[in-house]
Amino acid sequence: MRDEIDELIRSRTNGELPAAVENRLRRRLVEFRTKVEQRPPSRLHAFAHSLTAPPAWRVAAMTAALLMALAVGLVLMPRDSRASQVFAAAAAQLRNSQSLEYTIVLNEQPYVAVDFSYLAPGYRRIHCSWGIEVRTDGTTGRQIVLMHAAHAYLNESGKTVESQPNIDDFSAQLRSLPNRADVYLGEHWSGRQKLVGYRLTKAPPNGSIPGLKVLDIWIVPATREVHHVDITVQEPGKPEHRMHIRNILAGQAVDRSIFDLTPPAGYSAIVAPKANPSPASPHNALALQAEIRQTGEIVAAVVPMKGPYAQTPAALSTVRAYLKQQGTTPVGPPLGRYWSEDRWETGYPVQPETHVEAPLQLVSVPAALTASVVVNGPWGRDTDARWGSFLKSVLDQGYVPAGPTMEIWSGDAGQGTQSTEMRVPVTAAN
Amino acid sequence: MNDRQQEYQRLIAPIEERMMRAVWRIVRDPDDTEDAFQEALLTVWKRWDRICTHPNPHALILQISIHAAHDVWRRKVRRGRCLESAAIPEEIPDPAASAIQGIAAAEQDAAVFRAIGSLSNNQARAILMHAVEELPYDAIAAAMDCRESTVRKHVARARTKLRVLLSQLIPEVHKEERSHA
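Chains as they are written, first to last, in the numbering used here: chain G, 1 to 430; chain D, 1001 to 1181.
To be clear, the hints were calculated from the coordinates, so they are not data collected in a lab.
If you want a taste of the chain G side facing chain D, the calculated C-beta under 10 Å gives, among others:
no.: 1; residue: Ala20
no.: 2; residue: Arg24
no.: 3; residue: Arg33
Glycine is no exception: its CB is placed at the ideal position from the N, C-alpha and C atoms.
Model the full structure from these sequences, guided by the hints.
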């Protein structure tokens, strides 16, 4: 809508430009034009103008260049670079931490795990879920092996040098990660926590896991802390097995009492008796030499137990009676497997297709690398001393227990031919 | 044709007529028009690089021209020359009108320009660009380097003031005032 004020101004200013005035102004314009045409070019403004109003070909070229830079910059280089930085920082954190705690889950079901604790300058603790614990004080060269199920302990002094490397190697698995991973696995969400994964295709320099196929390390990028490690093991002739390292705590306060070498109250020392060996036993039971070998799978009908081990004969009678009632013949001598006094089982090996009913269970003892020794003599005699000596031999050979202990009882009491095979699955520490 | 010649052809050549006419319409005196035009060209020369990259260079050049003309007019008002020049219209004779009508028209022109001269610089520039050159608000905003809403405010306030100052020249306003009386 036209405003009357606008109309008034327009009507008062609508006069034509007189020719004489126009001529004068045109002369000014000619002078101005000459001046403009002789004006030196401004490179800065020309450049600015070319940026603000670039020709179409330049826009296309710049867009292509930007996209290329974006692809290289955001997708390839920084991703790899950032990933490398995160992994290197996490490895350095583990390497330089004064304390380190973590759990190796060897088997999920049934749960078989080992807790490791390390505190500078040389305190170490290995706590197995089946009740064996090794505490080492590297500063004095002493260590104590606790057998919680038997309430017994084995004290060693001055000989830890032999077994020290075995214990070190477990800590070394995490403490010697290289600065670069072999493969970047990408991102993964664990609940609300973002993790980034890296893969090592060979064991860390100072650590060794037999049959290691891959070591997947998952890191919290915000804190550069290792969240967990998945280990895939593929040994020749055996199915692929996955283990995990969890509950990793680096550089945090550790309860020093877990390294205490004082035996707990109520635990008895495993002492080598000086008496002559039993006639039935040609070998000294306290100088046992564990044999490391591959054992096959055993399928057994067992009854789950808890409480005193003195219940073993009664439990075996129950199993034997049930199998006889079912017309099933055991395929081997009776056995017992022990996690702790609160969890153990005993029974007879049977054919895999055997059907059992509660309270019996059909269980499988998997094929594994196993330390074993056969001790002649009455079943159940000097049990603590035998196991202390046997486990010491295992540690001295560079292995650590990797599962529940097992006993297999052979022979006949009436004929004086009793023998006990002691077994424990092991894993090499180097 | 070099870059500068191309720039002149792009920026000045298309609006030469409008520049000259805009200055003349406001100043209405041959010498003062030449002075104002020269001032405008000098300003354009100084701001040449900025004008080259301006989003609406023609509006900016017209704004510079109007501003220069308005400045000359204001100086003239302050010197008291406007009445004199308005009383003797040299270059806009109206052959069809009588001498009395010519003088009355010149007085009305002088009243309009005196009223515009009493406005603030921004209001005067905005109303002149809008009313004389009929530039749209967005072009005026680009030339004055402000928002379009600001230009609308300048124009609205200028109209309000001019409506009061020039009420005797607006028939409707005049009628309303008489009816109220």
